[in-house]
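So the sequence lines, in the order shown, correspond to chains A and B.
The first sequence maps to residues 15 to 456 in our numbering.
The second sequence maps to residues 15 to 456 in our numbering.
Rather than coming from a laboratory, the hints here were simulated on the basis of the structure.
Treat the hints with care, since some could be wrong.
Chain copies aren't distinguished; within one or between two, either way the pair holds.
Derived lysine-lysine pairs resembling DSS-like cross-links, with alpha carbons at most 25 Å apart [claimed, not checked]:
id: 1; residue 1: Lys104; residue 2: Lys193
id: 2; residue 1: Lys322; residue 2: Lys287
id: 3; residue 1: Lys193; residue 2: Lys128
One-letter residues, chain by chain:
There are 2 protein chains.
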Amino acid sequence: ETLSGGVAEADPFTGKLLELYEQIYCTEGAGEFAKSADRFGVLRSDYMLHNNNELKQVELNTIASSFAGLASQVAQMHGHLVERYIGEEKDIREWLEVNKRAVMGGDASDDSSKDGVPVSPALTCIPAGMSVVHDRYVSRYCSSSDGSLSPVILFVVQEGETNTVDQRMLEIALWEKHKIPVVRMSLTAGYTKLATDAKTGALSILLDDGSSREVSLVYFRAGYAPTDYPGENGEEWKTREKIELSRATKCPSMGYHLAGAKKVQQALARPGKLERFFSEDEQSLVPGLRSTFAGLYSLGADACEGDKAAVKDAISGQEGNYVLKPQREGGGYNYYGEGLCAKLKENVSGDMELSKELAEFILMERLFPPQQRACLLRAGKVEGFGDSISELGCFGTVVSSESGEIVHNEYAGFLLRTKFSNVDEGGVASGFATLSSPYLCR
Amino acid sequence: ETLSGGVAEADPFTGKLLELYEQIYCTEGAGEFAKSADRFGVLRSDYMLHNNNELKQVELNTIASSFAGLASQVAQMHGHLVERYIGEEKDIREWLEVNKRAVMGGDASDDSSKDGVPVSPALTCIPAGMSVVHDRYVSRYCSSSDGSLSPVILFVVQEGETNTVDQRMLEIALWEKHKIPVVRMSLTAGYTKLATDAKTGALSILLDDGSSREVSLVYFRAGYAPTDYPGENGEEWKTREKIELSRATKCPSMGYHLAGAKKVQQALARPGKLERFFSEDEQSLVPGLRSTFAGLYSLGADACEGDKAAVKDAISGQEGNYVLKPQREGGGYNYYGEGLCAKLKENVSGDMELSKELAEFILMERLFPPQQRACLLRAGKVEGFGDSISELGCFGTVVSSESGEIVHNEYAGFLLRTKFSNVDEGGVASGFATLSSPYLCR
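Please take these sequences and the hints and turn them into a complete structure.
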């Protein structure tokens, strides 16, 4: 409901997803296999420091969150370098001390003996979550006596994907630790090579040697952007639908995918909304959780007085304190400063009437992370030294049964992305930001 | 004694080493600290298959044996690929079966369920051996109460070394598993940055920040070739001598270094020689060990009738069954076929009189390993398909006390190098051979 109406109209991609979701999950008698499947999320909640040492959520990613594997390796390297050289290199100690003060100010303890780079368990925890889903599928659907090969996990990837190493790390861990085979395929190739059995709902994949294997889990590392659906006749959308209709677990299911929309993030921040996801015993956790939310304002039909006040503030000289964000995943489409001010002014009329075009956006309080010294590398060479800002991503895995019972819910590692403060654009794959590691202090 | 005379005269590099060795270790009252140090070998014994399934020793490397780290990773990769795909890819099964038959012929079992790529423990075992040496040094010489930083292990490397990743793997494992810091330096830089305390024999290294650290173990990944000693005034030789005279353990000590000479290998193969290294209880092991030796013939003053008969054979049309090998480490200087025949003929006169120039060589039975199918890669791309031959290297670590007591003696992993059979030259770093992995069958 949050997404129907304004967002779906203004953003055709989200609209298409929502339409399929409603057809499959909200229509009596339809989507029997999809409804019966487990739900599985590999989620990444992104945070920035704000007002020095406060963590504020930037967004929640529910599809194709990347860099879990590479970031684990980077943290291992940084942990090694700090631990190995902090004793004998005065420069490193000073460098870390300056950054500690920049974040913690007077709260920083002089005792740094417990400070350090944490270990990210992502390459253990994410495959472990996948194996929970796979094992549940096997015990539910696969008879061990019929001699057929075990099902595979399907990684849906982009054609010409360049971030393959990060994905291969998960694939290799799945085999080495859980003996679960992985097959990679694009949505385009899946159009001819994937089939969902009409009787059982089993999803099967045609391999290169002509044999076919059942799929227990479909892990999407593609499918989050319109460019992942290039087919003139909607081939990729048909593949997506075919997958969704199967009994295989989808990571994410369309519902989980839609839950990552900025609009949902904004709606969850409304007073009273978070409470319904916690039991009576857990209500005391809500204020702490809500304190990690930045100011989030609707620009849709449901915009309240508070939302409009924020818009007014933003077009009255305070544009620097806001970000205008579209629903679309993948970054790089945000409005800041003058651009934000102009975009809002174009779409506000009369007594703070907001045009329909704004419905696909949310307005968010801009975060001001403390600047820290950094030396950034590109392709093994020093790119430069300067002030930087960072964004922390925290992975988690969650599995729920068809009845909605949570059967697995675990923290699953982190990544940190760092860029020079004078660079507006973000993104590691696009070359603006680098993978880095947190250094925890007290 | 084996090396003095012929070899030392004909090969100035070995001569120089031997001269220093005798000065330091064989002179009463000299080399007090060197003599008192533990001896440590990271050895690699190289083998080829011969007459199908017989393992014959090619040589024993006692200095700078490389690729322990990279080969472990390659074996892990090959193990993964075979285990993951052998079930579903018929081509892989056929490929391995053809090679199994090429080596084992009729001895090959039809049951391949126990076949596979072994795991190389080199990155655990070699650092573990180093830590034994380091810990013995610390408990012998370092008081824990004086507050000074722990000693470091010095890796002596070539200027402009390109095989650094392999070395860094050992360095990182030493820190991660044993918290032992490593410092890298060339013999050239060591001339000004290393000092041996005249009173205590402690070897110390000057770090970049001006501080100095004691060295427990010097691990040579350079120093085995004349090109590692370029200084016009013998700077590198002086560094080597300074290191040798210290109380730090050397890997290898000059004695261990010299023990890797081909001449020693040949002398050990003489009847009755191997026996003296085994106790009475162990004498039954000798024939099995000797059966791994190929035919080895002296061309020095000690050449016996059997040696001369081999030379005669080689210059009478059987040159294809021999290799002529110089003492020098590093490969690429061997004579085969017509070149071997010509070299021998030039230096044989009258009734099989051998000229002094031949003393630096040994004549060895040529090995004929079975040819196996291979697909070789270079820089991630397929270089070609074809028949190949392989050489197996087995690492071992050995620590002995100043009195000669063996306190540590362990197998420490393997590497396999593979090249196309039609390529005469060898060497991974030189680009002719590739790192590969054994596939054990029964």
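At most 25 Å between alpha carbons: which applies to Lys104 and Lys193, within, between, both or neither?
between (46 Å within a copy, 19 Å between copies)
Are the CA atoms of Lys322 and Lys287 at most 25 Å apart within a copy, between copies, both, or neither?
Cα proximity of Lys322 and Lys287: one copy only (20 Å, versus 96 Å across).
At most 25 Å between C-alpha atoms: does Lys193 with Lys128 qualify within a copy, between copies, both, or neither?
Close across copies (17 Å), not inside one copy (37 Å); limit 25 Å.
Checked against the numbered hints given earlier, the structure satisfies every one of them.
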